[in-house]
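Fit chains B and C to the known structure of chain A by using the hints.
Protein chains in written order, with this note's numbering: chain A, 1 to 318; chain B, 1 to 393; chain C, 1 to 338.
Calculated from the structure, these hints are not laboratory results. None of the values given here were measured: they were computed from a predicted structure. Honestly, I wouldn't trust all of these hints.
Stated by the list, open to error - Calculated lysine-lysine pairs in the BS3-like style (CA-CA distance at most 30 angstroms, straight line): (1) K302(B) with K134(A); (2) K55(C) with K96(C); (3) K82(A) with K13(B); (4) K149(A) with K302(B); (5) K265(C) with K200(A); (6) K13(B) with K111(A); (7) K13(B) with K281(B); (8) K103(B) with K139(A); (9) K281(B) with K70(A); (10) K339(B) with K325(B); (11) K302(B) with K111(A); (12) K139(A) with K265(C); (13) K69(C) with K149(A); (14) K279(B) with K149(A); (15) K13(B) with K149(A); (16) K281(B) with K149(A); (17) K82(A) with K281(B); (18) K302(B) with K171(A); (19) K123(C) with K13(B); (20) K200(A) with K69(C); (21) K13(B) with K18(C); (22) K171(A) with K281(B); (23) K139(A) with K257(C); (24) K82(A) with K339(B); (25) K206(C) with K135(C); (26) K171(A) with K149(A); (27) K149(A) with K111(A); (28) K206(C) with K13(B); (29) K111(A) with K281(B); (30) K302(B) with K279(B); (31) K55(C) with K257(C); (32) K111(A) with K279(B).
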Amino acid sequence: MPLLQVTDLVKHFPVRGGVLNRVIANVHAVNGVSFSVARGETLGIVGESGCGKSTLGKAILRLHDATSGKIAYDGTDITSLKHRDMIPFRRRLQIIFQDPYSSLNPRMTVKAMLREAIRFHEIVPNTELDTYIKSMLAKVGLPDDAMNKFPHEFSGGQRQRLGIARALALKPEFIVADEPVSALDVSIQAQVLNLLMDLKDEFGLTLIFISHDLKVIEHFCDRVLVMYLGHIVEEIRCEDLLDEARHPYTQALLGANPINDPADRRPLAVLEGDVPSPFDPPSGCPFVSRCSIAVEKCQTMPPLEQHSDSHRLACWER
Amino acid sequence: MIRRFMKSREVRKLLRNRLALVSLAISGLYLTVGLAVLLFGLITLDDTEVRVGMDSTPGFGREVKPEERFETCDWYLTRFERLLKRKDVDSAIAEWDTVAYRKLAIDADQLEERVDEAIEIYEELEEEEDLDERPELESRLAELETIMASFFVTPSGFDKLLYDARLCLGTDRQGRSILVRGLYSIKVAVQIGLIVSLIAVTLGSLLGCAAAFFGGWVDHLVIFLYSTLSSIPNLVLLTMLAFAFTGSSVEETLIPVYVAFCATFWIGPCRVIRGETLKLKELEYVQAATAVGFGRLRIMVKHIIPTTAHLMFVNFSLLFVGAIKGEVILSFLGLGVKKGPSWGIMISASRPEVLNGFFWQIGTATVLMFGLVLSFNILTDALQDAFDPKHAG
Amino acid sequence: MNDTNTILRVNHLSTCFKTDRGVVTAVDDVSFEVERGETLGIVGESGCGKTVTSKSIMRLLPEQISFLKPESEVLFGGVNLAFAPEKHMRTVRGNKIAMIFQEPMTSLNPVFTVGWQIDEALKYHTTLDRGGRNKRAIEMLELVEIPNPVERIDEYPHQLSGGMRQRVMIAIALCCEPDVLIADEPTTALDVTIQAQILRLMNDLKDRLGTAIILITHDLGVVAQVCDRVMVMYAGRAIEEAEVVELFHRPQHPYTKALLESIPKSGRREHGRRLPTIDGMVPSLFDLPVGCRFQDRCGFRDQLCIDQEPVLTTDPEHRVRCHHPLNSPASSDPVDGV
Numbered sequence: 001m002p003l004l005q006v007t008d009l010v011k012h013f014p015v016r017g018g019v020l021n022r023v024i025a026n027v028h029a030v031n032g033v034s035f036s037v038a039r040g041e042t043l044g045i046v047g048e049s050g051c052g053k054s055t056l057g058k059a060i061l062r063l064h065d066a067t068s069g070k071i072a073y074d075g076t077d078i079t080s081l082k083h084r085d086m087i088p089f090r091r092r093l094q095i096i097f098q099d100p101y102s103s104l105n106p107r108m109t110v111k112a113m114l115r116e117a118i119r120f121h122e123i124v125p126n127t128e129l130d131t132y133i134k135s136m137l138a139k140v141g142l143p144d145d146a147m148n149k150f151p152h153e154f155s156g157g158q159r160q161r162l163g164i165a166r167a168l169a170l171k172p173e174f175i176v177a178d179e180p181v182s183a184l185d186v187s188i189q190a191q192v193l194n195l196l197m198d199l200k201d202e203f204g205l206t207l208i209f210i211s212h213d214l215k216v217i218e219h220f221c222d223r224v225l226v227m228y229l230g231h232i233v234e235e236i237r238c239e240d241l242l243d244e245a246r247h248p249y250t251q252a253l254l255g256a257n258p259i260n261d262p263a264d265r266r267p268l269a270v271l272e273g274d275v276p277s278p279f280d281p282p283s284g285c286p287f288v289s290r291c292s293i294a295v296e297k298c299q300t301m302p303p304l305e306q307h308s309d310s311h312r313l314a315c316w317e318r
Numbered sequence: 001m002i003r004r005f006m007k008s009r010e011v012r013k014l015l016r017n018r019l020a021l022v023s024l025a026i027s028g029l030y031l032t033v034g035l036a037v038l039l040f041g042l043i044t045l046d047d048t049e050v051r052v053g054m055d056s057t058p059g060f061g062r063e064v065k066p067e068e069r070f071e072t073c074d075w076y077l078t079r080f081e082r083l084l085k086r087k088d089v090d091s092a093i094a095e096w097d098t099v100a101y102r103k104l105a106i107d108a109d110q111l112e113e114r115v116d117e118a119i120e121i122y123e124e125l126e127e128e129e130d131l132d133e134r135p136e137l138e139s140r141l142a143e144l145e146t147i148m149a150s151f152f153v154t155p156s157g158f159d160k161l162l163y164d165a166r167l168c169l170g171t172d173r174q175g176r177s178i179l180v181r182g183l184y185s186i187k188v189a190v191q192i193g194l195i196v197s198l199i200a201v202t203l204g205s206l207l208g209c210a211a212a213f214f215g216g217w218v219d220h221l222v223i224f225l226y227s228t229l230s231s232i233p234n235l236v237l238l239t240m241l242a243f244a245f246t247g248s249s250v251e252e253t254l255i256p257v258y259v260a261f262c263a264t265f266w267i268g269p270c271r272v273i274r275g276e277t278l279k280l281k282e283l284e285y286v287q288a289a290t291a292v293g294f295g296r297l298r299i300m301v302k303h304i305i306p307t308t309a310h311l312m313f314v315n316f317s318l319l320f321v322g323a324i325k326g327e328v329i330l331s332f333l334g335l336g337v338k339k340g341p342s343w344g345i346m347i348s349a350s351r352p353e354v355l356n357g358f359f360w361q362i363g364t365a366t367v368l369m370f371g372l373v374l375s376f377n378i379l380t381d382a383l384q385d386a387f388d389p390k391h392a393g
Numbered sequence: 001m002n003d004t005n006t007i008l009r010v011n012h013l014s015t016c017f018k019t020d021r022g023v024v025t026a027v028d029d030v031s032f033e034v035e036r037g038e039t040l041g042i043v044g045e046s047g048c049g050k051t052v053t054s055k056s057i058m059r060l061l062p063e064q065i066s067f068l069k070p071e072s073e074v075l076f077g078g079v080n081l082a083f084a085p086e087k088h089m090r091t092v093r094g095n096k097i098a099m100i101f102q103e104p105m106t107s108l109n110p111v112f113t114v115g116w117q118i119d120e121a122l123k124y125h126t127t128l129d130r131g132g133r134n135k136r137a138i139e140m141l142e143l144v145e146i147p148n149p150v151e152r153i154d155e156y157p158h159q160l161s162g163g164m165r166q167r168v169m170i171a172i173a174l175c176c177e178p179d180v181l182i183a184d185e186p187t188t189a190l191d192v193t194i195q196a197q198i199l200r201l202m203n204d205l206k207d208r209l210g211t212a213i214i215l216i217t218h219d220l221g222v223v224a225q226v227c228d229r230v231m232v233m234y235a236g237r238a239i240e241e242a243e244v245v246e247l248f249h250r251p252q253h254p255y256t257k258a259l260l261e262s263i264p265k266s267g268r269r270e271h272g273r274r275l276p277t278i279d280g281m282v283p284s285l286f287d288l289p290v291g292c293r294f295q296d297r298c299g300f301r302d303q304l305c306i307d308q309e310p311v312l313t314t315d316p317e318h319r320v321r322c323h324h325p326l327n328s329p330a331s332s333d334p335v336d337g338v
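In isolation and in its complexed conformation, chain A is listed as follows (with noise of 0.2 angstroms):
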């Protein structure tokens, strides 16, 4: 049984306007997205702005309650569990948030931050919470020192790390990583990316990383989702990416990340136009306005498919 199964998922966010500020339309962020996650296994969402891939993250964490669908963990229906019922959950399923800015209370010491979340779910006895807030520390390779700081004498870096740890003091098993290292310069990068492999293992964690850059996905997961305009148009194993993607949107994003060689640059393959609008997504295939290869038959909706074992696939033509 997979630790986590999301059954039709969907988020749409109302917008409000007018006079008597009325609902006015729906963003529709998640679009009725199913999938599953293996315990242990690390799996990657990718896409661009806007669609979808950090609501779904949120949803799945109740941070964003579901407009309608199904989110299983462990064998449990979370979807609608009171604040109560939700506690033991909330230890369970944690989140590394993007920006290492806003993520950490800027009024609080890392002591304090920590604390209170290991307090609140009794991890460990009240004597032994300054050992562990530092053994925990040590284990994103911080210093004890950083305990009685606030989170402004740290660098983008370590913030990150600060946020990791928060995560991890709870003992979580699964961990939703929302572009964790996306606000990163690159050094920084890898640093984070190497620290999050090195606690995967450590902790036994099942991971779900989001992120926007495909290269970062492939070095980092075990399989990927890749999403369009609320949809996942693609599922593929992280090995199987560059040889084996089917979808036209996966392969220009293939294409579009710029080379690492200039030596044989070559002009990029470039996908034109722009992400339509989620206020009034086109009714057929979400990615119909910029693909290359449409047809009558993508004015509608491709079901995502089974192409092969590992392999599904939302396309029409493939």
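Relative to the frame of chain A, chains B and C by itself:
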């Protein structure tokens, strides 16, 4: 906790700003005087009503011309003559003692004797014209003054200091010390400023925070309240509220003023804190707290309210100045402070004086108010610079 | 390299900021030149001084808190822009040297139409009449490949997507046919597919217009894609400069090498492998070491690196600031005294 606060980046930044430090010192001085009057009775209400000299005397720093010296003697002599006409001269002398801060040194008999002596010289001088132009009469005038001085106990030491201090900014039309009244008004200003801004900031912050955090009908209600209140011109509302208390038992106290200000002043902090909370509650660390499993009330109290502290601080100082200025305007219009002095009352009372070219009372009141408001404004700006994370650097 | 092809030369540029904690030198003695039609990339991590360099050239830094050291020279058209009067700068900015910024959201004025904003630049810098300016504005939008330029010209920035806005910014920057275009992280805020579009556009324009471009970025992939020459900056210093293939294939500074290695790469072999990293952090500009600024993070550090800061070598093909350069035929003995 306090040590950590003093060492924080914000405080260090504030301490580097020299102008801010000067303002801090000045505001501190005002607060000290105000609190000393308020808590330890440094100056009592009675002190402000006591006659300390003749009417409308100017303050320090001006050469006193012979004509004026003569008039001063004239003023005291008239009073002594009147005193001597009383039936019970001894008790009148005792009464004089308690009222005027200038003790008489002699009993009834001596008084009569000396007054006659003085009147002799007085009449001689009265016949002369243009005392200012006649230096040869100087010795006679001095003689008269010596006699006049002998009526009184010569103040010495601390008493002399107090005596001079009381007169150093002159007297008003009832002969009351302008300095004493001006200083007492600091207490009135500080009292109104502190109480009004404390209540208004607390009320506004709580309403603003709750409105943003809980949304829905709470938000609608708060927005309705403040948009209605703020659509009435401020001064009209203040006047209306102050009028509402006329005739009631609390009319003489400051309560009408507090109510009038608090009812309008909470709007500012409420708006600011509501906006800030709306922003904060979308921040990722608030989501992180949700992800830990904390309830909404706990998140509001522990994670949102402390983060808006700098805004409350800044709003507090803005309202403090606002309340002081508002009090002056209300009192000037006769709607504010009803009993005892205040800068507004002093300014209002000095209207006829200004027409006669006497500026000591209005000058004292305005300079004192200006000093407090200016130093506090500079301090507020510096605080805003130092504590607003957007200005950090 | 003193040939007449050089269009902009920066010598000993040092930019200082007055802060609460004293004066910091954000850009420290940086020299480079740009040739006509060439694309120079300036790469580095946040805080290395790359953006400050570009703003110093344009003199866009607030004068109350920043100043250029007196030996700084920005030679353009025979004038030292570093200390030229503001009046002269106004004829240069937007006209001879144009700039595009990272945030396409905030660098366009939201209350005016796209056409108005192009028109404003043309009105200020050219003598074209109203009709001519309108025609030129449409031409510019066509040039940056905006579909339906005649309609788009009357739209407001919020009606455009991020990529379209960045195209408009480029159109505004190019409308006066500048000699130099400074692009400060032009694609950082954009999605990959949009980034690819903008990079292709910039490459096309470079070929067609012959404008020299200074491209400031933290993304080595972008550099590999568009630049001819690259300068790497670290903690306010230029530490290496070379032609792009040379730099990517034979990096001489350990920092450059590490930076190149730390990019995740594609391919089965790479999957799940630990990435090579650079340990530690960039030193604070308030607290710079005496010797080499990279010493704390460098695997080749010795006493010399701690005692003495290396100077930039003078080899015109490949300048490097290191006591022990890698891949260097001239071995570890850099020429002293620039």
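Against the structure, the hints come out as follows:
1. K302(B) with K134(A): Cα-Cα ~23 angstroms, so holds.
2. K55(C) with K96(C): holds (15 angstroms)
3. K82(A) with K13(B): violated (46 angstroms)
4. K149(A) with K302(B): holds (18 angstroms)
5. K265(C) with K200(A): Answer holds: K265(C) to K200(A) is near 21 angstroms, not above 30 angstroms.
6. K13(B) with K111(A): holds (25 angstroms)
7. K13(B) with K281(B): holds (28 angstroms)
8. K103(B) with K139(A): violated (83 angstroms)
9. K281(B) with K70(A): Roughly 26 angstroms separates the two Cα atoms, so the pair holds.
10. K339(B) with K325(B): Distance of about 18 angstroms is within 30 angstroms: holds.
11. K302(B) with K111(A): holds (15 angstroms)
12. K139(A) with K265(C): holds (27 angstroms)
13. K69(C) with K149(A): Not OK: K69(C) and K149(A) at ~36 angstroms, beyond 30 angstroms, violated.
14. K279(B) with K149(A): holds (25 angstroms)
15. K13(B) with K149(A): holds (18 angstroms)
16. K281(B) with K149(A): holds (23 angstroms)
17. K82(A) with K281(B): holds (20 angstroms)
18. K302(B) with K171(A): Holds, at about 23 angstroms.
19. K123(C) with K13(B): violated (45 angstroms)
20. K200(A) with K69(C): Roughly 50 angstroms between the alpha carbons, so the hint for K200(A) and K69(C) is violated.
21. K13(B) with K18(C): Holds - the C-alpha atoms of K18(C) and K13(B) are around 14 angstroms apart, at most 30 angstroms.
22. K171(A) with K281(B): Between K171(A) and K281(B) the Cα gap is close to 26 angstroms, so the pair holds against 30 angstroms.
23. K139(A) with K257(C): Given that 30 angstroms is the threshold and the Cα spacing comes to 28 angstroms, the pair holds.
24. K82(A) with K339(B): The given pair, whose Cα atoms are some 59 angstroms apart, is violated under the 30 angstroms limit.
25. K206(C) with K135(C): Holds: K206(C) and K135(C) sit about 22 angstroms apart, inside 30 angstroms.
26. K171(A) with K149(A): Within the cut-off at roughly 23 angstroms; holds.
27. K149(A) with K111(A): holds (8 angstroms)
28. K206(C) with K13(B): Violated - the C-alpha atoms of K13(B) and K206(C) are around 47 angstroms apart, more than 30 angstroms.
29. K111(A) with K281(B): Holds, at about 22 angstroms.
30. K302(B) with K279(B): holds (16 angstroms)
31. K55(C) with K257(C): Given that 30 angstroms is the threshold and the Cα spacing comes to 27 angstroms, the pair holds.
32. K111(A) with K279(B): holds (25 angstroms)
Comparing the model with each earlier hint shows violations of hints 3, 8, 13, 19, 20, 24, 28; every other hint is respected.
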